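**Q** Now for the letters of each chain:
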Amino acid sequence: MSFSEDKFSDDSRLHLAQIIDNVNAGIWEYNINTRSIKWSAGFYTILGYEPGEIECSNHLFFEHLLYHQDKLVFLNALNSQSQHADQPVQIRLLTKSSGYHWFESTIKKHDVRDGQVVYGSIININAYKQAELQSAHKDQLYGDTIRIAKLGSWEIEATTLNLTLSKQMYDIYELQAEVKLTLDEVISFFEPSYRPVIQNAINNALEFCQPYDLELMLRTAKNNVIWVRAKGVPIINDYGKCISVRGILQDIDNNKRKGLSLESSLNLLTDQNRRLQNFAYIVSHNLRSHTGNLQFMVNLYEETEVAEDRDEIFSHIKSISGSLNATIEHLNEIVKIQTEITNERSVIDFETLFRNIQSAIKNNIDALNARIEYDFSKCPQISYIPAYMESILQNLLTNALKYSHPDRQPVIKCYTLKDRNHIYLIFEDNGIGIDLERYGDKVFGMYKTFHQNPDAKGIGLFITRNQIEALGGTIKVESTVNIGTKFTIRLV
Amino acid sequence: MIVKKPSVNACIIDNNNTYVYGFKKLISLKDLNSQVSHFNNGSEAIIHLKDPLNINNLPDVIFLDISMPIMDGWEFINKFAEIKSQLGKKISIYILTASVDVNDVERAKNISEISEYIFKPMAKQRLMQIFDSLQTDIARQ
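Taken in sequence, the protein lines are chains A and B. Mapping the first sequence onto the working numbering, position 20 (from 1) lands on 6, and the numbers just tick up by one. Residues are numbered in the working numbering as their position in the second sequence, beginning at 1, plus a constant of 1.
Treat each hint with caution, since some may be false.
Stated by the list, open to error - Under the rule of at most 27 Å between Cα atoms (straight-line distance), these lysine-lysine pairs were calculated in the DSS-like manner:
(1) Lys428(A) with Lys25(B)
(2) Lys242(A) with Lys153(A)
(3) Lys304(A) with Lys25(B)
(4) Lys462(A) with Lys322(A)
(5) Lys304(A) with Lys125(B)
(6) Lys94(A) with Lys136(A)
(7) Lys428(A) with Lys110(B)
(8) Lys110(B) with Lys80(B)
(9) Lys31(B) with Lys304(A)
(10) Lys304(A) with Lys26(B)
(11) Lys399(A) with Lys364(A)
What the hints contain is simulated information worked out from the structure, not anything from laboratory work. All of these numbers come straight from a predicted model, not from anything done at the bench.
Just chain A, with the same shape it has in the complex (with noise of 0.2 Å):
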């Protein structure tokens, strides 16, 4: 069969048909009435075949040629009502040798003296289509992966400061999409502390096309505060000029914070590790250094029969096994600080653990004629472990009164700060001072003394460090030498 009937005249039908068997594109009639079925030759190649090579059949085509999913689109085109129903439809075809394809199919319905006809063209849109559904499942792996990823992207118009934000930028902001924001708005909903800090790089990227990669701390719209990668790079023109800054955000608090959270369990493991090795060295020193006297001390008693060099040596071997005896209570109470930190805590009243401290000392505070000031009224209470806190108190009060200044009333101040997160113990004295380029870090070790006072033993502020530390706060100093000295304590 072929297209070559009525209204042409025998030569231009045979043109015509060879022009249409020579198009890459395969034709087909199908007439309603007759249920006839024409293909052109073009309809074979398209799909590998010779022309003549399969039958030409309706059973063919929907059984065997047209995937069966298919089926249904493509009879619906069919049934189509309109006379202009020109939308193509695109279905699968098995080829010869490489499996079902994509083709698009015009159909047009035609009146002939029969009945009606449908025709069409049939063009292979398999790279097409192919092409297509990639991209779209490049778009949607894209899609999944910045929401995956947390990943916001902006663009900032250099001229206008008009700012472009996708839709993820919404999500992290925790916002409704279709909120029009400005720059200032956008800064604004980060940590005041962060806002000069993105102000500036945003600033520099515009002017000095200078990229920037930060870590920022952001609130979110549902009062969420949350860790963001804000990273910027400027797009500069032939000039050099920045034209525009494009960048991401991201949100990495799961990260941040956990790596936040390691960069502070490694703090605290180097400062345990610190304190075990102090202890290993007051345990290797201090007792070697007691245990060493001992034996001079009982080597020299049988280098000499004289009775009063033997007593004289005894009482020094005495003395040594008093010495002993005090270094084993230190140590004693250092492990006492780990074990002791399951205790319960409780709420302490500053005041009421102060005053009792005072009357404590009364006599030592009287003979020194020290003034004693305190305010607790910006934090009056706090829950502590008592025996921890009755013992800083104590002993940042002794240590004040053992090094007061002799030509001067000492004068002790001892008051309580709060901010936001934590709670802070300051201890300032007009004492005699410490020189802490000289001594540094050695003021909180253990049996470092810096003055010859007969009463230091360098164990007070050993052990002040240990109990604070051991619930998770610090202690600092400040001090100038013959000005005074001043202990600001992080309690939580």
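Using the hints provided, position chain B relative to the given structure of chain A.
**A** Okay, now just chain B, sitting in the frame of chain A:
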């Protein structure tokens, strides 16, 4: 013929009074013919060394502890290095300490002023050896 050994002027810088007592006692018990001066820390010793009144009473040997208040052993050695050329006398320095810290031992090795690093308590034989060689040196001069 018995030659009377020359007297050794020794100095101990240490704030551990028990040890200082024992040290002095051992020297007197062993008849080492020595006078021993004692300073509680480096600073006191430097003051003594710098004082022109003591020019004829400078020690031949210093036994130096490391851990002391005010001025520790290391600081003393720095100060000593600064003034030793003005003293006009060869003074040997022995570190005599309870510290077994390897950092301290290593540090001492790199300081030319230090003759030896000795752990406390010092064996009496070692003390006698040191005095013996000091006396030989002094006799030669």
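**Q** Is Lys304(A) within 27 Å of Lys125(B), Cα to Cα?
**A** holds, 22 Å
**Q** Take a quick look at whether Lys110(B) and Lys80(B) sit within 27 Å of each other, Cα to Cα.
**A** holds, 18 Å
**Q** Please work out if Lys304(A) and Lys25(B) have their alpha carbons no farther apart than 27 Å.
**A** holds, 18 Å
**Q** Within a Cα-Cα threshold of 27 Å, do Lys399(A) and Lys364(A) meet the stated pairing?
**A** Measuring from Cα to Cα gives roughly 14 Å; hence the hint holds.
**Q** Is Lys242(A) close enough to Lys153(A), meaning Cα to Cα at most 27 Å?
**A** holds, 23 Å
**Q** Lys304(A) and Lys26(B): Cα distance at most 27 Å?
**A** holds, 17 Å
**Q** Given the hinted pair Lys428(A) and Lys110(B), is their Cα-Cα distance within 27 Å?
**A** holds, 24 Å
**Q** Given the hinted pair Lys462(A) and Lys322(A), is their alpha-carbon gap at most 27 Å?
**A** With Cα atoms ~23 Å apart, Lys462(A) and Lys322(A) stay inside 27 Å; holds.
**Q** Starting from Lys428(A), check that the Cα of Lys25(B) is at most 27 Å away, please.
**A** violated, 31 Å
**Q** Is the hinted pair Lys31(B) and Lys304(A) satisfied, with a Cα-Cα distance of at most 27 Å?
**A** Measuring from Cα to Cα gives roughly 24 Å; hence the hint holds.
**Q** Under the criterion that the straight-line Cα-Cα distance not exceed 27 Å, is the pair Lys94(A), Lys136(A) satisfied?
**A** violated, 49 Å
Figure legend: structure checked against the earlier numbered hints; hints not met, in rising order: 1, 6.
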